[in-house]
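There are 2 protein chains.
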Amino acid sequence: MIFMRFDLNPMMNPKSVAVIGASRDPSKVGHVILQNYIDAGFDGALYPVNKNISKGEKIIGQTAYRSVTEIKKPIDLAVIAVPAPAVPEVLEECGKAKVKTAVVISGGFAEVGNVELQNKIVEIAKKYNIAMLGPNCLGIMDPASKVDTLFLPTYKLSRPKIGDVSFVSQSGAVGSTILDLIAKEGFGLAKFISYGNAAYIDETDLLEYLMHDKQTKVIVMYIEGIKRGKEFIEVAKKVSKVKPVIVIKGGITEEGAQAAHSHTASLAGNSEAYEAVFKQFGFIRAKDLDDLLYFAKVFSSEDLPKGNRVAVITNGGGTGVLTTDAIYINGLKLADFSEETKKELRKVMPSIVNIRNPLDLAGDADEKRYSDALSIISKDENVDMIIVIVLFQTPGADSSVAEKLIYFKKNIDKPMVAISTGADYTQTHKLMMESSGLPVYDSPNAAASSLAELYKYWKYKNKIV
Amino acid sequence: MIFMRFDLNPMMNPKSVAVIGASRDPSKVGHVILQNYIDAGFDGALYPVNKNISKGEKIIGQTAYRSVTEIKKPIDLAVIAVPAPAVPEVLEECGKAKVKTAVVISGGFAEVGNVELQNKIVEIAKKYNIAMLGPNCLGIMDPASKVDTLFLPTYKLSRPKIGDVSFVSQSGAVGSTILDLIAKEGFGLAKFISYGNAAYIDETDLLEYLMHDKQTKVIVMYIEGIKRGKEFIEVAKKVSKVKPVIVIKGGITEEGAQAAHSHTASLAGNSEAYEAVFKQFGFIRAKDLDDLLYFAKVFSSEDLPKGNRVAVITNGGGTGVLTTDAIYINGLKLADFSEETKKELRKVMPSIVNIRNPLDLAGDADEKRYSDALSIISKDENVDMIIVIVLFQTPGADSSVAEKLIYFKKNIDKPMVAISTGADYTQTHKLMMESSGLPVYDSPNAAASSLAELYKYWKYKNKIV
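Taken in sequence, the protein lines are chains A and B. Residue numbers for the first sequence follow numbering that gives the first Met the number 0, so the first one is 0 and each next one is one higher. Residue numbers for the second sequence follow numbering that gives the first Met the number 0, so the first one is 0 and each next one is one higher.
Mixed in with the good hints, there may be bad ones.
Identical copies go unnamed one by one, so any copy, or any two together, can satisfy a pair.
[To be verified] Keeping only pairs whose Cα atoms sit at most 25 Å apart, straight-line, the calculated DSS-like set for lysine-lysine is:
{"hint": "1", "residue 1": "Lys403", "residue 2": "Lys155"}
{"hint": "2", "residue 1": "Lys367", "residue 2": "Lys27"}
{"hint": "3", "residue 1": "Lys286", "residue 2": "Lys455"}
{"hint": "4", "residue 1": "Lys155", "residue 2": "Lys367"}
{"hint": "5", "residue 1": "Lys346", "residue 2": "Lys413"}
{"hint": "6", "residue 1": "Lys145", "residue 2": "Lys72"}
Simulated from the structure, these hints should not be mistaken for laboratory data.
Put together the whole structure using the sequences plus the hints.
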């Protein structure tokens, strides 16, 4: 049994935030962070802090302070964006002002060999009981509580809508690109946490926090190293029973591990040991950034299947062939349609359609044909999951087909994903379907591997080996 | 030694085209094809043929004929889009009119069990010595000669610009989606050939044709089966010595092979036998549609490397770590920078930058820092290939960095690719770089696996095992 080391609630849902290092200069990190809070419509108290201002001055319209100690009001979260050498003093002041939590954005600590300076700020955080995230991180983004410590402007990095996927990243770079992609793909975010050097709060604390977080349905992690192996395993044992954890590990090769050490001073450790732990406790492994997105999308929107039998409906024969290959390569199988299903399909399908799985609706398939196929096949008890291929290049495929798929997605209680590959016309329809909660993939392997992870996780949860 | 069975030149560069089944009804395939020719600005003679019109009528402004036999002029290519049962008669007339080549778009032959009808049209083609493509195919697109038999409208399927990649696809669906993606990714097409049931002209003929085609630098193939195994091997032996062939095989699993049989009546055959042939003769294997694009892009724009030592330049540490992993997983290695390189880098890089490979330029890297790094590293004799990671979410990365990368791409004689992951702001810059000939990938694995294929092909060509 583990007890959480930190109360992270004041960090994730703060009523009052001090931005230390706030500035009027738009090129400064402290400026961008303050502006983000204002733009996001943060409705708590906001206190810019900058030791170089005169008393009573304002920064971006907010009354500013020279030190957190001057604020004289409770502060849930201090976001610290001052040069590394100034961090100890600032943190000391936070302690005196009884600040509950701190996010240290500043870099220049263990990752560049400044271990001593890093140890110093950890000591201060401990002394004053401040839950400290970082240093050398992007911090937190939570579209629901409107916390946004990211110093990257919104025109460069799109912010996702509110959702149920939480993403914990040791790397700010990987974190920010994934955040940007989540926004692009049209699915939603619960919490984003970039934790950098993990000097105090680490991946185990964050994993445990998200395990209990009601808003979070799916946890996604990018990690380079694990600080407290034993404790991590304790949490890992429990978390996958509660919700899926998708993990990508940086530094799985020897040379990658060396690069990781130079990046966040992580000791990446033995790759096989990680692999064994992840496998034993039902973590979902992503091999690349693509996978991370593919899997997060399907776990966010789909329920778990009850088996590995897949029905494929397509308007392109070749794509149906490649999808069949991908299904078997990923450990799934084609469903055998029941006699009833075959009979019903034969009644409504034109004679050119072979009644088999994959069901090739032919190049002129329209919304009626898709609709007929889906309403019959979704009822078949031999079918656990459905892949619908819609190639929008063909004459019959248009918005009405996309709408029909969205309708069935909302009314079928089996996992269902789509494959649509192509340029502008396709992308428009892809976004239409994805923003309505239907996962759409560009390639057969992306779709099949995502469903395979759903199936494997279902087996893990139900102790089927 | 093989002699080409067909002269495909009149099909690929026709001076005169008859569209049989041309129609005034925009929903008809024959209408779309005729319109495509007109829209593309085809400058040869164009003859719409429709047996139901009255003499002297026009279709889309072109004088129409009731039969090719009425045209009384030489016809290089007949595009046939009439119902399957009418094809034999139409083809017979083509023979009498001495039409040189024919593309039979119409479906309804062996792929739906109508083997007899298919045999019949092959007999007619043989009798009159007509080089016949299809049936059950999309036909040909060639942006240079303005041949476009695709019946898919341009708003649904973007047409690529003129380039050096030729794509042969047994499946119309796979073909059209890839064509659409080629246009989206901003690289260019030499010839697109969808050959469907391969009743007469088959994959071996097309491969041999493209081997000799001067416009084609890279050949990409989607195949489900091979009709003439022995002859294919004869061509395969020669082609990879001349130019790279990227192949994706549909039906590599038993169930996929069954689906392929139902699709194009292909006997997919033993998967391991295909695998062995492809490997022996230096074909580049794509496992999924994604790969096909990734590899085509890099072979189209890059020269071959002279080794497997990769330099990585990045503005995101975590992405550098993942790229290092991907490099080793794909059989490449990190280059050891020379002492000279390290000394030069140390002179110009700020102190926060560790002089090592991957070279992490830090989150505030701007065009100057990228430029300094590239000009030094590109000269290092220990470096065979370069991966440049630009995360456009970061403060310093903007269009000037993209421009700098394009400049170096044009001035460095080593393979160089970029990784940029993200939404709108990133996509804009990605397109900017790709349309200037720099391949850009979304993920570390996509970039590393593409360079690995370049390296493997270089080894094949130089007989290094």
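Homo-oligomer pair classification [Lys413, Lys346; C-alpha up to 25 Å]: For Lys346 and Lys413, only the intra-copy Cα distance (24 Å) is at most 25 Å; the inter-copy one is 60 Å.
Status of Lys27 relative to Lys367 across identical chains (alpha carbons, at most 25 Å): Classified as between; 20 Å across copies, 56 Å inside a copy.
Status of Lys367 relative to Lys155 across identical chains (alpha carbons, at most 25 Å): between (41 Å within a copy, 20 Å between copies)
Intra- versus inter-copy proximity for Lys455 and Lys286 (alpha-carbon distance at most 25 Å): both (16 Å within a copy, 22 Å between copies)
25 Å Cα threshold - placement of Lys155 relative to Lys403: between (34 Å within a copy, 19 Å between copies)
Up to 25 Å CA-CA - Lys72 versus Lys145, copy category: Answer is within: at 21 Å inside a copy they meet the 25 Å cutoff, but 73 Å across does not.
No hint from the list above goes unmet by this structure.
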